[in-house]
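Protein chains in written order, with the working numbering: chain A, 2 to 364; chain B, 2 to 364.
Treat the hints with caution; some may be incorrect.
All copies of an identical chain are treated as equivalent in the list; a pair is satisfied when it fits inside any one copy or across any two copies.
[To be verified] With a straight-line cut-off of 20 angstroms between C-alpha atoms, the simulated PhoX-like cross-links for lysine-lysine are:
#1 Lys298 to Lys211
#2 Lys263 to Lys104
#3 Lys100 to Lys284
#4 Lys196 to Lys221
#5 Lys59 to Lys28
#6 Lys302 to Lys253
#7 Lys208 to Lys28
#8 Lys253 to Lys298
#9 Lys211 to Lys302
#10 Lys97 to Lys28
Rather than coming from a laboratory, the hints here were simulated on the basis of the structure.
Number of protein chains: 2
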Amino acid sequence: MTTLNHYHYKRLQEFCSSVFVKAGVEKEQADIVAASLVQADLRGVDSHGVVRTAIYLKRVEQKMINPKAKIRIEKEDESTALIDGCNHFGAVVGDKALKLAMKKAKANGVGMVGVKNSNHFGTGAFYALRGLKEDLVTIVMSNASQTMPPTGGIKPFIGTNPLAVGIPCGECEPFLLDMATSVVARGKIIVAAQKGEAIPHGWAIDKNGKSTTNAEEALKGSVLPLGGPKGYGISMFIDIFSGVLTGAGFGKYVNNMYENWKAPQNVGHFFITIDVNKFMDIKTFKHRMDLYIRDIKTEPKAEDVEEIFIPGEMESRRSEQRKKNGINLSQNVQRELTNIGMKYGVSLKDALMLNHNTEGKGV
Amino acid sequence: MTTLNHYHYKRLQEFCSSVFVKAGVEKEQADIVAASLVQADLRGVDSHGVVRTAIYLKRVEQKMINPKAKIRIEKEDESTALIDGCNHFGAVVGDKALKLAMKKAKANGVGMVGVKNSNHFGTGAFYALRGLKEDLVTIVMSNASQTMPPTGGIKPFIGTNPLAVGIPCGECEPFLLDMATSVVARGKIIVAAQKGEAIPHGWAIDKNGKSTTNAEEALKGSVLPLGGPKGYGISMFIDIFSGVLTGAGFGKYVNNMYENWKAPQNVGHFFITIDVNKFMDIKTFKHRMDLYIRDIKTEPKAEDVEEIFIPGEMESRRSEQRKKNGINLSQNVQRELTNIGMKYGVSLKDALMLNHNTEGKGV
Numbered sequence: 002m003t004t005l006n007h008y009h010y011k012r013l014q015e016f017c018s019s020v021f022v023k024a025g026v027e028k029e030q031a032d033i034v035a036a037s038l039v040q041a042d043l044r045g046v047d048s049h050g051v052v053r054t055a056i057y058l059k060r061v062e063q064k065m066i067n068p069k070a071k072i073r074i075e076k077e078d079e080s081t082a083l084i085d086g087c088n089h090f091g092a093v094v095g096d097k098a099l100k101l102a103m104k105k106a107k108a109n110g111v112g113m114v115g116v117k118n119s120n121h122f123g124t125g126a127f128y129a130l131r132g133l134k135e136d137l138v139t140i141v142m143s144n145a146s147q148t149m150p151p152t153g154g155i156k157p158f159i160g161t162n163p164l165a166v167g168i169p170c171g172e173c174e175p176f177l178l179d180m181a182t183s184v185v186a187r188g189k190i191i192v193a194a195q196k197g198e199a200i201p202h203g204w205a206i207d208k209n210g211k212s213t214t215n216a217e218e219a220l221k222g223s224v225l226p227l228g229g230p231k232g233y234g235i236s237m238f239i240d241i242f243s244g245v246l247t248g249a250g251f252g253k254y255v256n257n258m259y260e261n262w263k264a265p266q267n268v269g270h271f272f273i274t275i276d277v278n279k280f281m282d283i284k285t286f287k288h289r290m291d292l293y294i295r296d297i298k299t300e301p302k303a304e305d306v307e308e309i310f311i312p313g314e315m316e317s318r319r320s321e322q323r324k325k326n327g328i329n330l331s332q333n334v335q336r337e338l339t340n341i342g343m344k345y346g347v348s349l350k351d352a353l354m355l356n357h358n359t360e361g362k363g364v
Numbered sequence: 002m003t004t005l006n007h008y009h010y011k012r013l014q015e016f017c018s019s020v021f022v023k024a025g026v027e028k029e030q031a032d033i034v035a036a037s038l039v040q041a042d043l044r045g046v047d048s049h050g051v052v053r054t055a056i057y058l059k060r061v062e063q064k065m066i067n068p069k070a071k072i073r074i075e076k077e078d079e080s081t082a083l084i085d086g087c088n089h090f091g092a093v094v095g096d097k098a099l100k101l102a103m104k105k106a107k108a109n110g111v112g113m114v115g116v117k118n119s120n121h122f123g124t125g126a127f128y129a130l131r132g133l134k135e136d137l138v139t140i141v142m143s144n145a146s147q148t149m150p151p152t153g154g155i156k157p158f159i160g161t162n163p164l165a166v167g168i169p170c171g172e173c174e175p176f177l178l179d180m181a182t183s184v185v186a187r188g189k190i191i192v193a194a195q196k197g198e199a200i201p202h203g204w205a206i207d208k209n210g211k212s213t214t215n216a217e218e219a220l221k222g223s224v225l226p227l228g229g230p231k232g233y234g235i236s237m238f239i240d241i242f243s244g245v246l247t248g249a250g251f252g253k254y255v256n257n258m259y260e261n262w263k264a265p266q267n268v269g270h271f272f273i274t275i276d277v278n279k280f281m282d283i284k285t286f287k288h289r290m291d292l293y294i295r296d297i298k299t300e301p302k303a304e305d306v307e308e309i310f311i312p313g314e315m316e317s318r319r320s321e322q323r324k325k326n327g328i329n330l331s332q333n334v335q336r337e338l339t340n341i342g343m344k345y346g347v348s349l350k351d352a353l354m355l356n357h358n359t360e361g362k363g364v
């Protein structure tokens with residue numbers, strides 16, 4: 002039975018890409034967006050997975066994303082560049098910015114590329130992972146529409162602006178931190194509300210700015226930044242790098258992807274890439290990283306803990322499992338994607354795992 | 002009466018500098034270390050203030066810091082450099098690294114300078130504030146000796162590795178985030194233990210890795226990273242940038258300043274400086290920063306909140322107040338500094354505010 006809702010990642014990616022192509026996106030660019038979504042599902046970040054296909058398509062259909070745009074490099078120097086995304090897909094703009102940043106790091110040791118006029122770009126890990134393949138240290142930031150109050154405020158003002166950092170290792174799994182700057186994902190509060198469960202104090206405030214354990218009240222209020230004023234500060238500097246410094250929106254000038262149908266999002270991103278060799282031979286560095294990670298993983302563990310994990314390690318393992326066993330989609334997501342497939346003449350069923358036990362073996 | 006424990010910041014700085022000079026430090030370098038300590042007191046970060054004079058001196062006396070060292074640039078390219086601090090004072094090494102990073106940013110848009118073989122460098126704000134004076138965006142990181150467990154661990158493994166970010170503004174107070182990666186400063190737990198008070202769950206674990214509200218037990222255990230696995234990840238990447246990438250110590254190879262008298266600390270730092278003009282005209286950028294900050298400060302406030310603050314704003318106001326009214330030192334710190342002064346032939350009394358109400362006026 003499990004095979005009936007398990008999808009093969011490559012064919013699921015083909016499905017999404019085909020739908021985007023039918024909606025007017027160039028094949029190569031559709032592939033990038035689809036890869037970004039499916040990779041999130043593989044890594045267990047389902048909130049950023051193929052569940053977003055519908056909203057991405059709707060924004061194309063409503064002309065809130067322009068898949069025909071010609072992305073421009075507006076300003077460029079040896080180690081720096083500013084890119085105008087011209088309202089293309091975030092993942093396509095991000096892909097171009099990352100490639101430019103990587104090229105600069107390889108040539109000059111450092112690449113810093115800011116991006117304006119972009120859209121939701123998927124997970125930061127999507128970019129940091131590609132930096133890792135090139136042995137580069139990669140920092141990725143993006144701003145997002147308003148969900149969290151400043152410390153002392155009661156209304157959403159800053160986004161849960163994500164920060165991702167990828168650092169290559171030798172034999173160990175690379176370090177890959179990818180985090181939102183909120184205490185918890187808003188999705189967790191939605192799930193609690195659906196189940197009628199309470200949430201812990203510290204996750205959110207109600208619409209009057211009071212701490213609440215009522216998930217329904219929390220959804221009418223704001224999710225809180227991690228660590229109070231510290232998370233507020235981190236979220237703010239990500240907003241400044243991604244938005245203020247690039248010419249993108251920031252604070253209330255970043256439009257909500259789900260709610261605003263009058264204007265593009267104007268999201269901003271910021272990519273930093275570093276060639277390790279400018280500081281230390283990469284081989285030596287990787288040995289040192291392996292030593293560091295092995296040191297941590299052999300630390301004494303708390304009673305109920307089986308293993309100490311490095312950031313990104315759990316997601317990497319989950320990705321390997323899901324490549325083998327398929328990506329499990331909820332009934333809702335399957336229904337939504339099936340409808341999209343019907344509209345654009347692409348069959349979701351073709352992406353189903355044919356045989357849960359054998360199909361993954363060759364992957 | 003208050004004047005008897007209030008010290009004039011300039012004369013307190015002269016006192017500290019004079020003591021360091023008598024202990025064998027060159028005047029110019031002694032001034033840097035003293036400025037770093039007194040600035041922390043001015044900003045209200047008393048834990049990093051002149052209270053550290055005693056331990057710094059002891060490490061010089063015990064040959065754990067070498068104030069005669071010649072700091073070396075070990076590796077250098079247009080935008081990057083690696084500095085060997087040769088075990089000089091952290092503030093002196095950090096000063097040199099920051100200056101080099103700022104020079105590179107002005108010439109090429111970006112400066113990245115890693116540092117190894119250094120010592121405790123004071124607050125990150127000390128460096129970020131100087132970047133601000135030059136209109137540069139500045140990121141400062143340092144690792145520190147072990148105080149926090151990895152997520153799932155029970156023993157201190159990583160430091161409360163600080164991160165500071167300075168971003169220039171126009172008319173508004175600049176953005177200046179300077180934070181440790183722990184939930185709270187260990188100092189707060191020490192204070193609770195002294196008063197016999199309980200601490201909230203989530204601040205610390207006992208020596209068996211269990212959450213505790215007992216401050217005494219917490220001090221035998223570990224302080225926790227902010228936001229659980231997120232703070233653990235942030236602290237780790239700061240350790241990697243500052244330690245693994247530079248050739249400094251990292252994790253358990255950073256020695257404790259108070260406990261290890263057999264080897265230098267081998268702390269590492271990492272400085273990133275950015276010229277805004279490579280992305281956007283600095284004047285336009287400052288206008289956008291002012292808009293951003295005014296937007297935040299006029300957000301609706303929670304009931305018990307008088308004002309929404311930007312990171313660094315409270316510290317800046319406190320600094321202005323203390324410049325006027327003097328720095329209030331505890332009896333313990335006064336006693337310690339008096340003894341140091343007697344040993345080196347420098348009078349602490351000369352640094353007292355003569356008249357609390359009038360002396361600050363001209364400052």
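Check each numbered hint against the structure and report the violated ones by number, ascending. 2, 3, 7
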